[in-house]
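**Q** Sequence:
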Amino acid sequence: MDSSIQRPPVSTSTFRFTRLIEGRPVVQGSLAEAVGEAPLTGHVWMFVAPHDDDLCIGAGLLIQAAVQAGVDVQCVVVTDGRLGYCQAEHHEGIVELRRQETIRSFELLGVRNDQVTFLGFPDGGLTRFIGRRPAAEGEPSVAGYTGLQNAFTHSLRDLRPTRVFVATQSDLHPDHKMTNSELMISLFHASGKIWPELGDPLAVPEVHELAVYCDFPADPQLEVYGDESAFDAKLKSIAAYESQLQIAELVQKIREDGPYEYIRDVEFNLYSPRRYRSLFAPRD
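Using my numbering, the letters of the sequence shown correspond one by one to residues 285 to 568.
For the record, the hints were derived by calculation from the structure and aren't laboratory data.
Even glycine gets a Cβ: it sits at the ideal position worked out from N, Cα and C.
Careful, some of the hints might be misleading.
Stated by the list, open to error - Only pairs whose alpha carbons sit at most 25 Å apart, straight line, appear in this in silico DMTMM-like list of lysine to aspartate or glutamate:
{"hint": "1", "residue 1": "K520", "residue 2": "D398"}
{"hint": "2", "residue 1": "K461", "residue 2": "E551"}
{"hint": "3", "residue 1": "K537", "residue 2": "D499"}
{"hint": "4", "residue 1": "K520", "residue 2": "D503"}
{"hint": "5", "residue 1": "K520", "residue 2": "D356"}
What the hints assert, rightly or not - Using C-beta positions, here's what the derived DEER-type ranges look like:
{"hint": "6", "residue 1": "G377", "residue 2": "V311", "range": "42 to 48 Å"}
{"hint": "7", "residue 1": "R308", "residue 2": "D516", "range": "29 to 35 Å"}
{"hint": "8", "residue 1": "E376", "residue 2": "S556", "range": "51 to 57 Å"}
{"hint": "9", "residue 1": "D516", "residue 2": "A372", "range": "51 to 57 Å"}
{"hint": "10", "residue 1": "D516", "residue 2": "S454", "range": "38 to 44 Å"}
{"hint": "11", "residue 1": "A487", "residue 2": "P309", "range": "41 to 47 Å"}
{"hint": "12", "residue 1": "D511", "residue 2": "D549", "range": "21 to 27 Å"}
{"hint": "13", "residue 1": "G307", "residue 2": "R561", "range": "27 to 33 Å"}
{"hint": "14", "residue 1": "G428", "residue 2": "R308", "range": "49 to 55 Å"}
{"hint": "15", "residue 1": "E376", "residue 2": "R559", "range": "52 to 58 Å"}
{"hint": "16", "residue 1": "R412", "residue 2": "C498", "range": "22 to 28 Å"}
{"hint": "17", "residue 1": "P309", "residue 2": "I414", "range": "35 to 41 Å"}
Sequences and hints are given; from them, build the entire structure.
**A** This is the structure in structure tokens:
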């Protein structure tokens with residue numbers, strides 16, 4: 285690891301949070317007010333990244349704000365980056381190279397190495413890891429099983445987050461779509477008594493979506509604005525992925541877009557006939 289890279293002064297950055305309330309933007313005084321949860325010290329927020337660089341792109345400001353507010357930020361990286369080589373000489377070593385870039389990237393956001401979990405599923409190959417099945421030799425596994433639902437259920441029960449953040453389902457990348465959908469069903473698994481070897485059940489956390497490459501399916505509810513130091517740290521965390529030769533162009537685009545991020549709340553309810561009964565009630 286490059287010892288010259290220092291963590292940014294996240295404790296001195298300034299953030300502004302604006303929430304849409306009944307369609308009107310209302311400025312919130314703090315992150316705790318913006319999420320309706322105070323104090324935040326000791327809370328665990330789990331950020332799930334389909335790919336290692338997704339979180340610094342979609343939530344680099346929010347992660348810094350959460351660290352500053354005392355949140356235990358836990359980052360779960362789903363895939364191993366094996367398809368992300370841009371030079372022939374990196375083909376064999378790209379997985380380890382990107383792992384080191386990821387550690388440096390998160391350090392710049394104030395996230396420690398021990399707060400990052402690498403699940404190790406193959407980049408671009410999540411289709412065959414939908415669900416849960418006995419693990420074959422060499423496959424990523426927990427308790428003898430592999431699959432995204434197995435890994436996510438274990439991570440949720442192990443980390444026990446109060447909030448979960450994941451790339452939006454509307455993103456075009458298949459890894460993003462599968463990560464989102466498999467995480468959602470894993471919330472159901474993790475809150476129940478199934479698969480006890482993966483840990484104890486937990487209360488279903490609040491769920492939020494991040495935009496990385498594609499728009500949200502519906503308007504977000506929260507705007508995050510960061511000051512110059514926070515924005516600079518975010519840009520440096522993205523630029524840490526030096527093996528990605530297109531990274532400078534991406535940094536420049538995000539610089540031009542400014543120090544803003546948007547978060548969408550995800551709401552879902554288990555089916556109950558009572559929900560629809562009033563639609564069919566007799567009317568005079």
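**Q** The structure should be examined with respect to each hint, and the outcome stated for every one.
**A** Verification of the hints:
For the suggested pair K520 and D398, the alpha carbons sit about 21 Å apart, so the restraint of at most 25 Å is met. For the hint pairing K461 with E551, the CA-to-CA distance comes to about 17 Å; that is within 25 Å, so the pair holds. This hinted pair checks out: K537 and D499 have alpha carbons roughly 16 Å apart, not beyond 25 Å. Under the criterion of a C-alpha separation no larger than 25 Å, the hint pairing K520 with D503 is inconsistent with the structure, at around 28 Å.
In summary, the hint linking K520 to D356 is supported, as the alpha carbons are separated by about 22 Å, within the 25 Å threshold. At roughly 47 Å, the beta-carbon separation of G377 and V311 lies within the given 42 to 48 Å, and the hint holds. The beta-carbon spacing between R308 and D516, approximately 31 Å, falls within the hinted interval of 29 to 35 Å. Checked against the hint of 51 to 57 Å, the pair E376 and S556 passes, with Cβ atoms roughly 53 Å apart.
Between D516 and A372 the C-beta distance comes to about 33 Å, which lies outside the given range of 51 to 57 Å. The given range of 38 to 44 Å is broken by D516 and S454, whose C-beta atoms sit roughly 29 Å from each other. Between A487 and P309 the CB atoms are about 30 Å apart, so this pair departs from the stated range of 41 to 47 Å. For D511 and D549, the hinted distance range of 21 to 27 Å is satisfied, since their beta carbons lie about 25 Å from each other.
Hint check: G307 to R561, Cβ distance near 28 Å, so the stated range 27 to 33 Å holds. The given range of 49 to 55 Å is respected by G428 and R308, whose C-beta atoms sit roughly 52 Å from each other. A C-beta distance of roughly 54 Å is found between E376 and R559, which places it inside the suggested range of 52 to 58 Å. A hinted range of 22 to 28 Å holds for the C-beta pair R412 and C498, which are about 24 Å apart.
With their beta carbons about 39 Å apart, P309 and I414 fall inside the hinted range of 35 to 41 Å.
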